[in-house]
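First residue of the sequence shown: 511, per our numbering; consecutive thereafter.
Simulated from the structure, these hints should not be mistaken for lab results.
As the structure is a computational prediction, the values presented were derived from the model and not from experiment.
It is possible that some hints are incorrect.
What the hints assert, rightly or not - Result set (EDC-like, lysine to aspartate or glutamate): computed pairs, CA atoms no more than 20 Å apart in a straight line:
1) K608 with D555
2) K608 with D646
3) K636 with E660
4) K608 with E530
5) K557 with D581
6) K557 with E594
7) K636 with D656
8) K557 with D539
9) K636 with E648
10) K636 with D671
11) K636 with D546
12) K557 with E530
13) K636 with D646
14) K636 with D601
15) K608 with D671
Unchecked claim - Now the in silico label distances, taken between C-beta atoms and shown as ranges:
16) T619 with F645: 31 to 41 Å
17) G644 with S606: 39 to 49 Å
18) V528 with R585: 30 to 40 Å
Beta carbons: idealized from backbone N, C-alpha and C, even for Gly.
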Amino acid sequence: MHPFTEEQLRASFINVSVRERNTITLPSDFGGLAWDTLDFLGWRDRKAPQLGYVVVELDDTPVGVLLRQADGTIRTRPQCSWCEDVHLPNDVVLYSVKRAGQAGRNGNTVGTLVCANFECSVNVRKRPPLAYVGFDVEAARQHRIDALGEHVRNFVRSVRDGD
511 MHPFTEEQLR ASFINVSVRE RNTITLPSDF GGLAWDTLDF LGWRDRKAPQ LGYVVVELDD
571 TPVGVLLRQA DGTIRTRPQC SWCEDVHLPN DVVLYSVKRA GQAGRNGNTV GTLVCANFEC
631 SVNVRKRPPL AYVGFDVEAA RQHRIDALGE HVRNFVRSVR DGD
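Can you make the complete structure from the sequences, with help from the hints?
See below:
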């Protein structure tokens, strides 16, 4: 992912009001992010922990969405729909996202199960266990990295395009 400035990140959000855009709390480590290890930038709001933010590159342009953690608890341990890690060391929660544009103003939302603190980029970079003799661990790892990027981009496109 390319590094972006604070102004570029704030301007990238497609499903927020101007007031919400101006009050976005950036990640505490924003100045020291290792952009080259990120498939997307995701963080929780320190001031409002039920809020999360995700920014991904679409056509070399940052596109961001505001997510809200759903109330209630999940009864069984779900799988993250982005990193698809079955050996997660972290929690997965349900986020709801207001769609962009008129659809969002009409109250249309979409939901997704995602790692609670957006640890997906770290999860997919772990070496997968050896599945069988001759299993190409590095190819499997690279496939997971590529799949994560595609899942996040497709989700953000669905928020943006309303489909």
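To see whether the hints hold, each was checked on the structure:
Distance check on the hinted pair: K608 and D555 sit about 17 Å apart at the alpha-carbon level, within 20 Å; holds. Only pairs whose Cα atoms come within 20 Å are accepted, and K608 paired with D646 is rejected, the gap being roughly 40 Å. Distance check on the hinted pair: K636 and E660 sit about 18 Å apart at the alpha-carbon level, within 20 Å; holds. About 13 Å separates the Cα atoms of K608 and E530, which keeps this hinted pair within 20 Å; it holds.
Pair hint K557 plus D581 holds up; C-alpha atoms about 17 Å apart against a cutoff of 20 Å. For the given pair, K557 sits about 29 Å from E594 by alpha-carbon distance, which is inconsistent with the 20 Å threshold. Note on K636 and D656: the hinted pairing holds, with a Cα-Cα distance of about 14 Å set against a maximum of 20 Å. Our distance criterion of 20 Å between C-alpha atoms is met by K557 and D539, whose separation comes to about 15 Å.
Restraint check for K636 and E648: satisfied, since their Cα atoms lie roughly 10 Å apart, inside the 20 Å limit. With a CA separation close to 32 Å, the supplied pair K636 and D671 exceeds the 20 Å bound. Restraint check: the Cα-Cα separation between K636 and D546 comes to about 16 Å, which is no more than 20 Å; the hinted pair holds. Restraint check: the Cα-Cα separation between K557 and E530 comes to about 13 Å, which is no more than 20 Å; the hinted pair holds.
Among the hinted pairs, K636 with D646 is consistent with the structure: their alpha-carbon atoms are about 14 Å apart, no more than 20 Å. The suggested pairing of K636 with D601 holds, with an alpha-carbon distance near 17 Å, which does not exceed 20 Å. Note on K608 and D671: the hinted pairing holds, with a Cα-Cα distance of about 12 Å set against a maximum of 20 Å. Separation of T619 from F645 is about 40 Å and conforms to the stated range, judged on CB atoms against 31 to 41 Å.
Between G644 and S606 the CB atoms are about 43 Å apart, so this pair conforms to the stated range of 39 to 49 Å. The given range of 30 to 40 Å is respected by V528 and R585, whose C-beta atoms sit roughly 38 Å from each other.
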